[in-house]
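One letter stands for each residue in the lines below.
Number of protein chains: 2
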Amino acid sequence: MKSLKFKGCPLCSKQEYPIIFSNDFLRILLINNQNYPGYCRVDLIDHIKEMSDLNKKSQNKLMKTIFLIEKIIKVYINPDKINLASLGNITPHLHWHIIPRHFKDNHFPNSIWSTKKRNSTKEFSKEEELQFIEHVREKLS
Amino acid sequence: MKSLKFKGCPLCSKQEYPIIFSNDFLRILLINNQNYPGYCRVDLIDHIKEMSDLNKKSQNKLMKTIFLIEKIIKVYINPDKINLASLGNITPHLHWHIIPRHFKDNHFPNSIWSTKKRNSTKEFSKEEELQFIEHVREKLS
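Chain order of the listed sequences is A and B. Take the first sequence: its position 128, counted from the start at 1, is 145 in our numbering, and no numbers get skipped. Take the second sequence: its position 50, counted from the start at 1, is 67 in our numbering, and no numbers get skipped.
Keep in mind the hints are simulated off the structure, nothing from the lab. Some hints here could point you the wrong way.
Intra- or inter-copy, both count: the list cannot distinguish identical chains.
[Claimed, not checked] Once the Cα atoms are required to be at most 25 Å apart in a straight line, the calculated DSS-like pairs of lysine-lysine come out as:
#1 K134 x K81
#2 K78 x K91
#3 K98 x K22
#4 K31 x K88
#5 K78 x K133
#6 K24 x K81
#7 K91 x K121
#8 K121 x K134
#9 K78 x K98
#10 K98 x K74
#11 K31 x K98
#12 K134 x K78
#13 K91 x K22
#14 K22 x K133
#15 K66 x K156
#16 K73 x K139
#17 K121 x K81
#18 K91 x K31
#19 K134 x K66
#20 K134 x K74
#21 K143 x K66
#22 K98 x K24
#23 K73 x K88
#24 K73 x K134
#25 K81 x K139
#26 K88 x K78
#27 K143 x K74
#28 K156 x K74
#29 K91 x K66
Nothing here was measured: the structure is a model prediction, and the numbers come from that model.
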């Protein structure tokens, strides 16, 4: 696939988050600067705006990965719920949030983009982060 | 498919929103009490919590409908962005939000679950609502 880059798009630039997996179609990142251990993001490599801009084959390929990551998170983290979202209002470059949620997390039962309800602090240590990344890589291989 | 109903689940009960389409697997509703004309919701009929609880065939079948509705909304409404989300924190029964977003809507560029930024009022009239429902039904048939 020819890589489409868009000047000024933060997702077309180098990523700060740890990369769990990457190929020429997508990359899987661990969002490790938020209060949701195991929160992953899956970015399409190409700068494409909406799911319906992709052909069926690419839609299926992308969603297959999203649901696989959801399953890996479910088993490893054992959250009370998992949230899936592709918003892209600020960055209209296809990316999916896969967010493990807990009854006592900072926003439950609202979205993580809603007003904060609590001040719980629950984060991976550096070691837990590396263990999680390693675990996901093993499951994907 | 055997229909799984869960007592006390609002999605297993009768829906208030206009039903655009329904079969034994899913139903498509128009969310017409919010400030987002063309905002649709796709509910799984069975009371199932996560996408990864579905088999691959059902995952694909559901997402195919989500992306088709997204495309229909995109052409008919011409929004600035479309948001897709399956959260289910309050109601852990699989359902997808398909939300047309506009730069000047009440929450842009934040999620519709974030704090309101504006007081724009943009709603379908009853006639526009019926026209939209009719249009989606035609496209689905």
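We went through each hint and held it up to the structure:
Taking the closest pair of Cα atoms, K134 and K81 never come within 25 Å of each other, the shortest separation being 33 Å inside a single copy and 35 Å across copies. When the C-alpha separation of K78 and K91 is checked against a cutoff of 25 Å, the pair qualifies both within a copy, at 20 Å, and between copies, at 22 Å. In the homo-oligomer, the alpha carbons of K98 and K22 lie at most 25 Å apart only across protomers (19 Å), although the nearest pairing inside one protomer, at 34 Å, exceeds that limit. For the identical chains of this complex, K31 and K88 are neighbours neither inside a copy (27 Å) nor across copies (30 Å), given an alpha-carbon limit of 25 Å.
Proximity of K78 and K133 under a CA criterion of 25 Å is satisfied in neither setting, with 34 Å inside one chain copy and 35 Å between copies. When the C-alpha separation of K24 and K81 is checked against a cutoff of 25 Å, the pair qualifies neither within a copy, at 29 Å, nor between copies, at 31 Å. In this homomeric assembly, K91 and K121 come within 25 Å of each other (Cα to Cα) only inside a single copy, at 17 Å, whereas the closest approach across copies is 37 Å. In this assembly of identical chains, K121 and K134 lie within 25 Å of each other by CA distance solely inside one copy; the values are 9 Å within and 27 Å between copies.
In this assembly of identical chains, K78 and K98 lie within 25 Å of each other by CA distance both inside one copy and across copies; the values are 24 Å within and 22 Å between. In this assembly of identical chains, K98 and K74 lie within 25 Å of each other by CA distance solely across copies; the values are 22 Å between and 28 Å within a copy. Taking the closest pair of Cα atoms, K31 and K98 come within 25 Å of each other only across two copies (24 Å); inside a single copy the shortest separation is 31 Å, beyond that limit. Taking CA atoms no more than 25 Å apart as the test, K134 paired with K78 passes in neither setting, with 36 Å inside one copy and 36 Å between copies.
For the homomeric pair K91 and K22, the shortest alpha-carbon distance between copies (23 Å) is at most 25 Å, but the shortest distance inside one copy (33 Å) is not. In the homo-oligomer, the alpha carbons of K22 and K133 never lie at most 25 Å apart, since the shortest distance is 35 Å inside one protomer and 32 Å across protomers. With identical chains, the CA atoms of K66 and K156 are at most 25 Å apart between copies only, with a shortest distance of 22 Å across copies and 29 Å within one. Proximity of K73 and K139 under a CA criterion of 25 Å is satisfied in neither setting, with 38 Å inside one chain copy and 33 Å between copies.
For the homomeric pair K121 and K81, neither the shortest alpha-carbon distance inside one copy (29 Å) nor that between copies (34 Å) is at most 25 Å. Within a single copy, K91 and K31 get their C-alpha atoms no closer than 28 Å, and across copies no closer than 30 Å, so neither meets the 25 Å cut-off. Proximity of K134 to K66 under the C-alpha cut-off of 25 Å is restricted to the inter-copy arrangement: shortest distance 24 Å between copies versus 32 Å within a copy. Taking the closest pair of Cα atoms, K134 and K74 never come within 25 Å of each other, the shortest separation being 40 Å inside a single copy and 38 Å across copies.
In this assembly of identical chains, the alpha carbons of K143 and K66 never lie at most 25 Å apart, being 33 Å within a copy and 31 Å across copies at closest. Taking CA atoms no more than 25 Å apart as the test, K98 paired with K24 passes between copies only; the shortest distance there is 19 Å, against 36 Å inside one copy. Taking the shortest alpha-carbon separations for K73 and K88, both the intra-copy value of 22 Å and the inter-copy value of 12 Å come in at or below 25 Å. In this assembly of identical chains, the alpha carbons of K73 and K134 never lie at most 25 Å apart, being 39 Å within a copy and 36 Å across copies at closest.
With identical chains, the CA atoms of K81 and K139 are never at most 25 Å apart, being 29 Å at best within one copy and 36 Å at best between copies. In this assembly of identical chains, the alpha carbons of K88 and K78 lie at most 25 Å apart whether taken from the same copy (16 Å) or from different copies (18 Å). For a Cα distance limit of 25 Å, the shortest separation of K143 from K74 qualifies neither inside one copy, at 37 Å, nor across copies, at 38 Å. Proximity of K156 to K74 under the C-alpha cut-off of 25 Å is found in both arrangements, the shortest distances being 23 Å within a copy and 21 Å between copies.
In the homo-oligomer, the alpha carbons of K91 and K66 lie at most 25 Å apart only across protomers (12 Å), although the nearest pairing inside one protomer, at 28 Å, exceeds that limit.
Checked against the numbered hints above, the structure violates hints 1, 4, 5, 6, 12, 14, 16, 17, 18, 20, 21, 24, 25 and 27; every other hint is satisfied.
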